Structures are given as C-alpha cells and as structure tokens.
Amino acid sequence: MLRMGGGCQGCGMADVTLRQGIEGMLAQHIPEVRGIVDITDHTTGANPYFQASKK
Amino acid sequence: MPRLLLLLPSTTYRTAAFVDAARRISADLTVASEQPSTLEAANPTGLLTLDFQHPERAAEQAHDFARRHPIDAVVGVDDDTAVVASVVAARLRLPGNPVEASQAARNKHRQRELLAKHGVPTPRFALHALARDPQELARAITYPCVLKPLHLSASRGVIRADNPAGFVAAHARLAAILDGCDADFLVEDFVPGYEVALEGLLVNRRLHALALFDKPDPLDGPFFEETIYVTPSRVPAPLQKSIAQCTERAARALGLMEGPVHAELRYNERGPWLIELAARPIGGHAELRYNERGPWLIELAARPIGGRCSAVLRFGDGVTLEELILRHALGMPIPSLARENVAAGVMMIPIPGAGVLREVRGVAEAKAVPLVEDVQITAHPGERLVPFPEGSRYPGFIFARGETPSAVEGALREAHRRLEFVLA
Numbered sequence: 001m002l003r004m005g006g007g008c009q010g011c012g013m014a015d016v017t018l019r020q021g022i023e024g025m026l027a028q029h030i031p032e033v034r035g036i037v038d039i040t041d042h043t044t045g046a047n048p049y050f051q052a053s054k055k
Numbered sequence: 001m002p003r004l005l006l007l008l009p010s011t012t013y014r015t016a017a018f019v020d021a022a023r024r025i026s027a028d029l030t031v032a033s034e035q036p037s038t039l040e041a042a043n044p045t046g047l048l049t050l051d052f053q054h055p056e057r058a059a060e061q062a063h064d065f066a067r068r069h070p071i072d073a074v075v076g077v078d079d080d081t082a083v084v085a086s087v088v089a090a091r092l093r094l095p096g097n098p099v100e101a102s103q104a105a106r107n108k109h110r111q112r113e114l115l116a117k118h119g120v121p122t123p124r125f126a127l128h129a130l131a132r133d134p135q136e137l138a139r140a141i142t143y144p145c146v147l148k149p150l151h152l153s154a155s156r157g158v159i160r161a162d163n164p165a166g167f168v169a170a171h172a173r174l175a176a177i178l179d180g181c182d183a184d185f186l187v188e189d190f191v192p193g194y195e196v197a198l199e200g201l202l203v204n205r206r207l208h209a210l211a212l213f214d215k216p217d218p219l220d221g222p223f224f225e226e227t228i229y230v231t232p233s234r235v236p237a238p239l240q241k242s243i244a245q246c247t248e249r250a251a252r253a254l255g256l257m258e259g260p261v262h263a264e265l266r267y268n269e270r271g272p273w274l275i276e277l278a279a280r281p282i283g284g285h286a287e288l289r290y291n292e293r294g295p296w297l298i299e300l301a302a303r304p305i306g307g308r309c310s311a312v313l314r315f316g317d318g319v320t321l322e323e324l325i326l327r328h329a330l331g332m333p334i335p336s337l338a339r340e341n342v343a344a345g346v347m348m349i350p351i352p353g354a355g356v357l358r359e360v361r362g363v364a365e366a367k368a369v370p371l372v373e374d375v376q377i378t379a380h381p382g383e384r385l386v387p388f389p390e391g392s393r394y395p396g397f398i399f400a401r402g403e404t405p406s407a408v409e410g411a412l413r414e415a416h417r418r419l420e421f422v423l424a
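Protein sequences, first through last, are from chains A and B.
Going by this note's numbering, the residue at position 4 of the first sequence is 4; the numbering climbs one at a time, nothing skipped.
Going by this note's numbering, the residue at position 129 of the second sequence is 129; the numbering climbs one at a time, nothing skipped.
It should be emphasised that the hints constitute simulated quantities derived from the structure, not laboratory data.
None of the values given here were measured: they were computed from a predicted structure.
From the three backbone atoms N, C-alpha and C, an ideal C-beta is built for every residue, glycine too.
Misleading hints may appear alongside valid ones.
Computed, partial: chain B to chain A, Cβ under 7 Å [said to hold, decoys possible]:
| id | residue |
| --- | --- |
| 1 | Thr15 |
| 2 | Ala16 |
| 3 | Ile25 |
| 4 | Ser26 |
| 5 | Pro36 |
| 6 | Leu39 |
| 7 | Thr45 |
| 8 | Leu47 |
| 9 | Thr49 |
| 10 | Gln53 |
| 11 | Asn268 |
| 12 | Ile298 |
| 13 | Ile377 |
Pulled a few chain B residues facing chain A out of the computed Cβ check, cut under 8 Å [as the list claims (entries may be wrong)]:
| id | residue |
| --- | --- |
| 14 | Leu8 |
| 15 | Thr11 |
| 16 | Val19 |
| 17 | Leu29 |
| 18 | Ser33 |
| 19 | Ala42 |
| 20 | Asn43 |
| 21 | Gly46 |
| 22 | Gln103 |
| 23 | Asn107 |
| 24 | His109 |
| 25 | His151 |
| 26 | Cys181 |
| 27 | Gln376 |
| 28 | Val386 |
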C-alpha cells in the first residue's frame, strides 16, 4: 500500500505516476510485489502539482 | 500484447479510468502527456512527452517513438487530444478519424458550417470578430442569442443575451475570458427546450448509441452550468431514435468515422423542423409530438462524456466506457454495447459561489442517502472556486444508481442538499 504526499496528493496524473512509474520500478527490483494499492486520500491534497481542470 | 498510446493531458480527470481500463484488457500502455513525467527515464516505453499544442510535432515525436516501440492504436481523451490523436494516427497509418473531421468537431464554427451544409438541424449562427464594436453588433443580432467561444470546453464563456444591453455586457465578459486567445466568437440563436446528451461509439461510421441522458434541470442561461445527467432517458422511444439518427447524421456531416462521440441536443415546440413538445420535463410524463426532421443538435464532440461522469456507465457484465473505447481502438472483441439494466445518474455539483474553499461539510451524510454510490469532492481546500461563465470546474460529483431514473434523480438532489461548502 502506498500513500502519496506533496504535489502528488490530489494530482490529476497521480495514477500514471503510480502505475507507469513506481509500480514498474518496484516490480523490477522486488519481483515479489504483485501490485500496489493507492491509499492516498486525493481529495484532501492542499497543493497538487497538476490540478484537474475539466468538468 | 498490442501497444496503446494514450494521450492524457496532465489536468484531466480521466486518468485513473483509462489507465485502469488499459490494464484490464492487458494492453501494453504508453501514456503520453504534454508535461514530462519525473519517472519517464525509468520507464521510457511507458511514459512519453508529446507537444499537444502542436499536433504535427506531436505526430513526429510519436513516430520516432513508434519506430522503437510499435504502436497499435492511439486514443485521446478530451477535445484537444482527440485532434492530436487523429494527427498521430494519420502519421502512423493507424485507424482513426480524419484530421479534418476531428478539427471540425473541436471548432464550434466549423462544426456548425458542416452541420448546416448537410442539413442537420442546428441553431442559426454567425461568426464575429471580438474586435468589432459590440454596440454596433448588438443592433444587428436576433434575440435571444448565445455567445460562444470557439474552443473552450464545459460551457465556459457561454452566455445568453436577451437584448442589446445584455449582448454588450456578455461581449465584455467573453472578451475578458478569452483575453486574446481567440480573435473570433460565435453568436447563435438560443434554442429553448429540453436538453439531452447522447453518448455513442462510431464503428466504421455507424453510430452505436450507448446511453441517452436526460438533463432534467433547465438550461436557459444566462450561463450554462450543467448539473444532473440521468439515464435511461424518459423521453419516448421514437424520439430517442430520432435523437440517435440526428447524432449519426451530424457525425457523418463532420466526417467522423471511429471512436467515441458525445452529443448534446435539444427539442422543443418551435421551428420548422422540429419536435413539437408539450411536456412536463421532470418526472417523465412527457407528451411529445415530433416530426420527421428531428431534434436540434447543439454540440458534437469526438470524445467521451466529460469529467468523471463516465463512472455511471457500465456495459454488459460491468465493462466501463473507457474499456469499451480502448477495446474498439485496438480492434479487440467488445463483449456488449448494451448498458446495464438499471437507472444511473451523476450530478456535477454546482459551483457554490466565488471564493476560496475552506471546508466541505456533510459528505458522509450525502453518501448515506439511499441509492447514492459515491460523493467525490474534487476541489481542494485552499482552491479558489470560480463560478460560470469565467470558471468551469465543478467542485465535485455525486453518483447514484437505482431502479428508476426518477429515484436516481431524487437521490442526487437529496445528497446535494446535505452538502455544505464553506468559502472564505
């Protein structure tokens, strides 16, 4: 389980960072890791790096 | 495994839905965005930076990438990336919409020109230069009218004017919103009536109507903030068929061939081609008379429904709209295009006012309303909320499912009633 912080918390691209970045790196270095669950509360982020902007 | 190039703007709400869908269908995924990812060097096949502002340049960048990592399909998720996707697809010789068609869908004036040329009922329109004297222009306009920017999304900058004074005021607001981004704007007749939205998928130019949404709250202006979408629609079946036919004609007029479309249409009792209506719009006992010319097409976009609204749609045994779109793009079998057999709805929570969001109260109480599945607050504490027409970012979404559209609509309204936004 992973909890994001800083600009990732609430960021529109957090899922890409997790799935296309962190998850692959972890799987490469720790093959036993089968997947990651994002337990971040993205609704409470106060300063996301990229805010979602569309309806 | 086939490789999918997914074009995700860094500010979209749709990231999780599309990334999850790509994983479910076991596609090799490359996510392209206009901002470089910090982790791009660690996963050079999975992350890519493309110049979305310049589609031709993005196509060259994608072509370079595809020489090393062949791509089987490219999908955009919003108005802008739908255009980029078509340019990239053409460069890579992949299936997709013709570039001219996706550009026409993105430009409200070009879209109306093509719709009018092909006889699709659409409001009377005219293009005007923002620099032109609004007082002079106001004297030549037919009222009520609607001022529209050519490229903005989510009804941002769309303003109704009922008289010359209203037009001049609306013009000033629109000019401030555009702030030099566009030299022209659109003025079209205001079409009163009941509005619906059709979500569809084009497969080899044929439209498959996936869902028809009622918009039970009146959209009479002066601004056009959306609220509730509920499906299935309560309009009679013959009219639903007419709406789907109108949408398909519009898609053909623009030259769209493949992929998702989102259309917004109105019907009323006015006009030569139109649907005559004697209706009670909310509650479903609409008594409609209509003719063979069908409804008015207000907007057509070569993309799926906006924001998080797609979460209300499930097909077959639970396939999401995003999975369906990706399966179609990659030529994979689609289990079913039939929506699940329950009513579903979403409320785009109205912007409660101008100010800095301090707190949202009542979320747990809103989630406790029967039939409500989720309440997602997407605005962040400290975020400045900007009402329409200058703003367009809803502070959150409410989702509900139930046996009937009326029950779902009632649940959405009750949940919204329990929310309190504290602004400073």
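Does Leu47(B) pass the interface check with chain A, least Cβ-Cβ distance below 7 Å?
With a closest approach of 5 Å, the Leu47(B) hint holds.
Proposed interface contact between Ala16(B) and chain A, which counts if any beta carbon pair is under 7 Å:
holds, 4 Å
Grab the minimum C-beta distance from Gln53(B) to chain A and call the hint holds if it beats 7 Å, violated otherwise.
This hint is violated: Gln53(B) lies away from chain A, its Cβ roughly 15 Å from the closest one there, beyond 7 Å.
Minimum beta-carbon distance criterion (8 Å), His151(B) to chain A:
violated, 13 Å
Restraint outcome when Asn43(B) is required to lie within 8 Å of chain A by C-beta distance
Since the shortest Cβ distance to chain A is 5 Å, the answer is holds.
Against chain A, with CB atoms and a cut of 7 Å, does the hint on Ile298(B) hold up?
violated, 16 Å
Quick one, is the Cys181(B) hint okay against chain A at 8 Å, beta carbons?
violated, 15 Å
Agreement of hint Asn107(B) with chain A interface, Cβ distance less than 8 Å:
With a closest approach of 18 Å, the Asn107(B) hint is violated.
Per-residue hint verdict: His109(B), partner chain A, C-beta under 8 Å
violated, 21 Å
Closest C-beta approach of Thr45(B) to chain A relative to 7 Å, hint status
violated, 9 Å
Quick check on Leu29(B) please, does its C-beta sit within 8 Å of some C-beta on chain A?
holds, 7 Å
With a cut-off of 7 Å, does the beta carbon of Ser26(B) approach a beta carbon of chain A closely enough for the hint to hold?
violated, 13 Å
Checked against the numbered hints above, the structure violates hints 3, 4, 5, 7, 9, 10, 11, 12, 22, 23, 24, 25, 26 and 28; every other hint is satisfied.
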